[in-house]
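Now that you have both chains on their own, put them together as the hints suggest.
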Amino acid sequence: MTLPSAPPALSAAASRTRKLLEGQRRFIPVTMAGLVLVLVFAAGSLRYTGFLEPQVALNLLVNNSFLIVLAVGVTFVILAGGIDLSTGSVLALSTMICAWLLREGWPPLLVIPAALAAGAVIGLAQGCIIHFYGVQPFIATLGGMFFARGLCYLISTESIPITDPLFTALAQARIPLPGGTSLTLGALLALVVAGVAAYVLHRTRFGRSVYAVGGSESSAMLMGLAVGRVKVGVYTISGFCAALGGVLYTFYIASGNSLHGLGMELDAIAAVVIGGTLLTGGFGYVMGSVIGVLTLGTIQTILVFEGTLSSWWTKIVAGALLFAFILLQRALAPRAAK
Amino acid sequence: MRAAQLRRLVWPLLVLAGLLVANLVATPGFFEVRIQGGRLYGSLIDILHFGAPLLLISLGMTLVIALRGIDLSVGAVVAVSGALACTIIASSADPGSVQTAAIAVAVALGASALLGLWNGFLVAVLQIQPIVATLILMVAGRGVAQLITGGQITTVNSEPYRQIAAGSLATVPVTVLLAAATVLLMWLLVRRTALGLLIEAIGGNAEAGRLAGIRATGLTVAAYTFCGLCAGLAGIIISANTGSADGNNAGLWIELDAILAVVIGGTLLTGGRFSIVGTVLGALIVQTLSTTVYTMGVPPESAQVFKALVVFLVCLLQSPRFRAQLVAPFRRGKTSHEPPAPSEPPPQDEESDVSPTGTSAGAPDRREVQR
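Protein sequences, first through last, are from chains Y and V.
Going by UniProt numbering, the first residue of the first sequence is number 1, and it counts up by one from there.
Going by UniProt numbering, the first residue of the second sequence is number 1, and it counts up by one from there.
Among the hints, a few may not be true.
Stated by the list, open to error - Now the stretches of chain V that chain Y is said to cover, found in silico as 3 or more residues with beta-carbon under 8 angstroms:
id : stretch
1  : 126-139
2  : 259-271
3  : 302-316
Since the hints were derived computationally from the structure, they do not count as laboratory data.
What you are looking at is a predicted structure, and each value in this text was computed from that prediction instead of being measured.
Using N, Cα and C, we set each Cβ at its ideal position, and we do this for glycine too.
Chain V on its own, in the form it takes in the complex (with noise of 0.2 angstroms):
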């Protein structure tokens, strides 16, 4: 299980290493990271610090998804959450105090965690299918956003809250270390306890979880609740880098991205098994994708369009139909005159041992069933 899981990430480890060269041959310069008034600068320290907002939505998506859901609203939650922080600070009497900053992440958390629950509460209490339950606030929620903002581009001024985006701890951003932080608390909470076990239970067979004395409302509506929480971290993020929120824009498809991150890391939309470490690689992925088009100068009215080229290479890869097809050329070449033995025997001598018929000329008619 241990090498299924390693596997399944070897696709997204060569695409984003595939990448990174890429980007090496366009432009040498790429690797190179410089320290530059306390804090590192260079392309890669880039993705990782502009890609901070996504890899957060993401882990948080990757719980939803592993539980059969999927969360459509974080973009609204990123908005709402921008929104709010701003708005409390530019109408604080003090707008550049630490305390004002403090109170203004405090309620932008708060409430983005409420917004979670609220998607938690549908799912798993009213038992709505998730893709709806969540369309209900990624439409509504940008206009609670544009409602908190008074329908303008709500700017602020207070350093301690820039900070968040352009300050840095040992000269590592702090963006950096807030998306390393979530990642390994998710990590220790979900891995190094059964949690993990759990939510893979509930979401590879919603039933037999259930028959297995797992509560699966109270673990659903917590995932729930963490993807808002990780939505509301992320928008505070983005708005802090701006200095302002935009309720129209902010965090605008960034769900999309998310999910495809989450993909793209190897969790499957149909829930059960998921990998931390396949979505923080699916996350920075995507990032180098948005970075790969400006530093390679891809001009940017074909920049969508290399995206989706990418994505559906990535699905693709993950298709064991495809990958099939791809190698069949040379694989028939090779065993042409061999008798057509299966690819992989190893798994099914207990089986033959089983049937008492089953002898082994009966093996290559036996063929392995891919759903």
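Chain Y on its own, in the form it takes in the complex (with noise of 0.2 angstroms):
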């Protein structure tokens, strides 16, 4: 919009300025988010009174564990144009295979790894069937989420407690924080987990691939991508941290039982969206899930802290805020929105 009278440096200065604004757009779904968390978490302390505290704020994180561990999974995906509706099933499948082997005997240092496997197999064979026989990502993950469940089932179709001593070490290990407040191992090891995967996303060759396949599969491929390792990289992902997300589970509810996390891929699936990331990939950020787990995290707390709102307005809620969210999305970016 400069006038060609304009001086050339006045000119360059407003490119630069625009180019800048252009820059942030992107990062505006993200800051939204965030900036309904903040609105969410204030308008909870606003009328409950112990609301506004550290301890509640960091339990957000302790009683989310599992979900911010699966929904990193799921943004993987996601970013690359797929969908992984497995989540929820290989989640209650690692919680099985630990309560299993460790009732069986074995040691907890190779119980944990075997779960992590097992997840991330099932992942990878959901990959190779959707990259290498075209099967639509929607149907092979469901296929997957039939079969991760049915194979809890075939484990046992009781619930099974834990109680090996490492595994309640790990899950009663506080770290304490400054101001008498403390995270669970669990909380700090989502942290970590979508620290790594933001750093993978960004400063990786494969990360970037990721934002490339999902931005256009066709595009990447000319550009000489590995598209195929990374759509079978990103399943095998998402398999993986579900089966963290199971391991985060153990210690968050220490059974093992085939009907946990029934409809958690959802959930995951929602706070991805609620996130700023687009379902039809190529755009979104880690950070963006992480706070939209945290989103729904509040929710639920405020309706704890209501008590008499009856479960059912969660979801009547967290469907108001997807709507909500995804307005918000198709205001904010009617071109990328397509």
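Next up, the structure:
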């Protein structure tokens, strides 16, 4: 919009400003997500005494550590333009494998890698079916969802308690923070996973390829990127994250159960969307997914504080929030959203 | 094109036949159908009877998927519809009357259509990706259903309402008739008019469809509304079957089964061409699978693994590359002495005429590109 008569220095400055704004534009959804989280939290603080405690905020991390890990894994898949419906089931399978192997007398330091490997293998298999045989991700991971859930039932139809001393110790370990607050190991691990994921996505060749494949698979292919490796890789990562989420869940709930994590894949996807990631792929941040999980968690905390509100309001509010966020995304990124 | 359509139906048909034969081997009386109390009974009838809700939803889903969309909210709509109908009947002065049941059904269907309309509005007017747009209702809808029933399982004692699921007309269960009528209606509507063509045009390439002058918005809204309506009808059947509405569990995961049925039936999730017959076959396969699990005595624990394996099998069979790999060992042995000729030469004649350098010797280089 610069006038032709404007001095070149001024026009250069204007274009630089515009470029800067353009660059910031992609952060708007994440910023908005963060803002909403703060607003929701503020609303809770105004309404209830004892809400605005550091520990309440930290408990959001503690109570949702597994969901954060799950959402981070799903973020990879969604960024690459896919979808993973199997994460909730893989989480359940992971809790089952942990509980079952511990009952069989395996050492816990072997059990955890075994559970993680199982998740990664399921993810890998899904990725291979999707990439090599062109099966649509929705259907392939739907099959994976049935498969993993079915394997849980094969292991045991009943809940298996976990009494292993190491697991209990890990679950109860608290990392003291200033101000008399503390975090669990699981919450810390979730943050580490999110950090590693952000590093991988933004600072490695694989991560950049994920964005490229999500933006346009054919373009990525023509650029000579390893599309196959990316597609199989993201599902493997998601499977691994789901299994890790399962291990964290066993810390949290101290049992293996085939019914764990029912519908959690949708919570994870909803969190990713609330965090500003486009389901068509190629746009979004891990940070957004973490914020999305925390927003859902805050709503749940408010409902707990409210006490009288029934559980179904969680679903309705979550749906309304989802709607608001999607509208926001549409308004902000009309071009990217297509 | 006709032949291509038939060929796509071959795999689902084979799988269904295989499942039925496996059942026949496991339980010799599987195909028996008897009349008892003026109604048909038997395993095959059971498949049709209990498969009716799934079939209905799959039909609606077919149109939505053909338009390159997806509807994740049908399970929630099932719950809302059942909850509404049962709550109306339970709270009315005369729960047993035909009139009450009719009002309940009408209101439930109306609400379902509205929910479908909402989905269609989000997708077509606000241009939200279908999977996200319907995710909203999927998450919120179950909450709404529980809100309607007050979080309880509402039971009703209405004979006319119960008859929707248990009744029969000329020995055929009403549920089967409802499903068959919907199939017929949809077929007439979509295949005897240009509607199906328009849907396939938009689904195949929205931009091209628009340039051809097709009003995509109205059609998309209509498709989602139809899908909601189908889900509502299914919800009524399901709640009439048990005489109760359960906001939490009614129609749980039925959206996934329905999408599965559509895909097994050969309609691609990427939109475009769709097949009503394929969807019917797909829904029957999914339902037969559930029945098989019970009749063959597959332990319930492994039922889902079994289901998953069949899903993978059907999907892989539909993948051209998998089929090629499957037959490759046999073909290689047979053709090792011959020059590597393309497996399907006929359609290439035209092309070699066009390019002057394209001699027949160059033909083997040209491979079919599969996307």
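Evaluated hints:
no.: 1; hint: 126-139; verdict: holds (count 12)
no.: 2; hint: 259-271; verdict: holds (count 6)
no.: 3; hint: 302-316; verdict: holds (count 12)
Hint check: no violations occur; every hint is consistent with the structure.
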